[in-house]
Amino acid sequence: MTGSDESDPALSELLEAVYHRYHYDFRGYAEASLRRRVAAAVGQLRCAGLAELRERVLAEPRMFSELLRYLTVQVSDLFRDPTYFRAIRERVVPYLRTYPSLKIWVAGCATGEEAYSLAIILAEEGLLARTLIYATDIHPESLRIAEAGVYGLDRFAKFSESYRLAGGRASLSDYYVAQYSSAILDRKLRQAILFSDHSLATDVAFAEVELVSCRNVLIYFDRPLQDRALGVLRDSVRRKGFLGLGAKETLRFSAHAQAFTELVPEDRIYQRR
Amino acid sequence: MSGGEIEMIVIGGSAGALDAVGALLSALPPAFALPVAVILHLPPTQPSRLVEVLGAKTRLVTREPDDKEPIVPGTIYVGPPNYHLLVERRRAFALSVDPPVLFSRPSIDVLFESAAEAYGPRLAGVVLSGASEDGARGLARVRRGGGLTLVESPATAAVPVMPRAALQLGPADHVAPAAALGPLLARLAAPADSQEAR
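Chains A and B are the protein sequences, given in the same order.
Using the UniProt record's numbering, you'd call the opening residue of the first sequence number 1 and step up by one each time.
Using the UniProt record's numbering, you'd call the opening residue of the second sequence number 1 and step up by one each time.
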């Protein structure tokens with residue numbers, strides 16, 4: 001086998017089948033990581049190859065749920081990339097403070113860690129009571145985990161360190177109750193967040209918000225789908241509002257670069273023109 | 001037979017590889033005309049100092065690539081901490097935060113396998129000193145794609161586990177001390193008329 005510019009036809013057939021049967025659209029996903037994820041699914045689900053995986057996904061909805069797990073699941077951390085959250089606190093919160101009420105959208109929230117991190121910052125800045133956080137994802141199982149706000153207690157040593165590096169004002173343990181091997185996040189945080197289903201690949205903007213945080217989601221999209229998704233995000237951010245991306249994501253290659261200025265370039269925080 | 005016109009170089013290492021990569025990069029001439037992507041396993045501190053450290057060894061531009069950044073010749077790309085670095089077929093980088101592979105993110109296998117998909121026989125892969133088996137499968141994939149394979153000699157590598165694991169999955173075109181691998185790579189980008197038949 002040699003390298004080529006052609007995309008893999010068996011992979012395309014699988015994605016087409018998934019789209020037509022289940023209306024989940026992975027056709028614009030970046031191929032290199034998608035191929036790895038699908039290959040992992042083929043192996044773990046004991047299929048002989050992509051063709052068999054496609055047959056079984058079409059025949060058994062349960063098989064599709066299994067595949068969906070491989071195609072979507074991301075794990076994040078509370079305060080992953082502490083400098084980002086520090087920049088939100090120091091550079092964005094002063095603007096947010098000037099609004100009587102706030103809407104924030106965490107697009108592609110996975111299992112919720114980032115939404116809760118923002119909620120903690122807003123609580124410490126005295127803004128949470130006037131804020132509604134929308135947190136959306138395409139994966140129902142992730143949304144259920146996110147909504148529950150229960151995480152493994154063994155992850156909290158790392159989370160606490162990140163919280164401190166992000167400029168946390170108190171102790172992270174103020175925001176959860178430990179129970180056996182789990183940590184349950186404070187109800188006040190959970191009540192500020194509305195978790196729901198939304199696809200950056202197929203849905204449109206649903207609200208005008210002051211801040212969109214969409215981190216390490218666009219990296220899974222190819223360039224055309226990135227532009228589509230960034231169009232949705234652009235339409236959702238009010239004038240002079242903010243967009244935060246992942247540490248290695250950039251508007252530089254996007255058709256929407258002109259709609260934003262760089263507020264904190266090193267942490268990929270942009271401001272809507 | 002392998003080699004021919006190489007259009008990209010991927011390099012991976014872990015424990016003990018920092019000096020080896022440094023030696024390798026410092027052997028590349030300032031007009032070196034190929035892109036080079038480097039994965040080194042280091043504790044995931046942020047921001048990473050690796051760009052600075054490696055950049056000091058070469059006059060070539062050294063940077064962490066952003067997602068979807070087009071691959072440009074004469075540039076040293078360093079895999080950012082906490083992300084997998086992949087190569088897309090249209091010859092741009094892509095990043096992922098998928099789970100670690102062999103306990104590593106970035107993973108050498110992930111870079112090598114995706115680069116082999118994109119470049120096939122026009123890729124050269126280099127496995128250096130290290131204490132894990134990361135890179136072995138990736139280098140095997142480079143070989144299957146018809147690419148050029150180079151391995152730091154286990155006899156001289158600071159930690160021989162990684163080179164040994166790579167050689168266990170198949171022979172390499174070149175097995176040599178790090179100091180000798182640099183000049184080999186430098187010749188890959190030499191003009192066509194000076195390329196010897198192999």
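To be clear, the hints were calculated from the coordinates, so they are not data collected in a lab.
Think of the CB as a built atom: it goes at the ideal place given N, C-alpha and C, for glycine as much as any other residue.
Accuracy of the hints is not assured; some may be wrong.
[To be verified] Partial list, derived from the structure: chain B residues whose beta carbon lies under 10 Å from chain A: (1) Leu18; (2) Asp19; (3) Ala23; (4) Ala27; (5) Pro80; (6) Arg89; (7) Glu133.
[Claimed, not checked] Far from chain A, some chain B residues (derived; all Cβ distances over 10 Å): (8) Pro29; (9) Leu34; (10) Lys57; (11) Val61; (12) Gly74; (13) Thr75; (14) Tyr83; (15) Leu86; (16) Ala94; (17) Val110; (18) Ala155; (19) Val161; (20) Leu169; (21) Gly170; (22) Arg187; (23) Leu188.
Checked hints:
1. Leu18: At about 22 Å, which exceeds the 10 Å cut-off, the nearest Cβ of chain A leaves the hint on Leu18 (chain B) violated.
2. Asp19: violated, 27 Å
3. Ala23: This hint is violated: Ala23 (chain B) lies away from chain A, its Cβ roughly 28 Å from the closest one there, beyond 10 Å.
4. Ala27: violated, 26 Å
5. Pro80: holds, 6 Å
6. Arg89: holds, 5 Å
7. Glu133: violated, 18 Å
8. Pro29: Pro29 (chain B) clear of chain A: closest Cβ-Cβ about 26 Å, beyond 10 Å.
9. Leu34: Holds, because the least Cβ-Cβ distance between Leu34 (chain B) and chain A comes to about 15 Å, which exceeds 10 Å.
10. Lys57: holds, 23 Å
11. Val61: Holds: least Cβ distance 16 Å, greater than 10 Å.
12. Gly74: Given a closest Cβ separation of 20 Å, the condition holds.
13. Thr75: holds, 16 Å
14. Tyr83: Given a closest Cβ separation of 6 Å, the condition is violated.
15. Leu86: violated, 4 Å
16. Ala94: violated, 5 Å
17. Val110: violated, 7 Å
18. Ala155: holds, 33 Å
19. Val161: The claim holds: Val161 (chain B) sits with its nearest Cβ about 24 Å from chain A, beyond 10 Å.
20. Leu169: holds, 17 Å
21. Gly170: Fine: 16 Å to the nearest Cβ keeps Gly170 (chain B) off the interface.
22. Arg187: holds, 22 Å
23. Leu188: Non-interface label stands for Leu188 (chain B): nearest chain A Cβ at 17 Å, farther than 10 Å.
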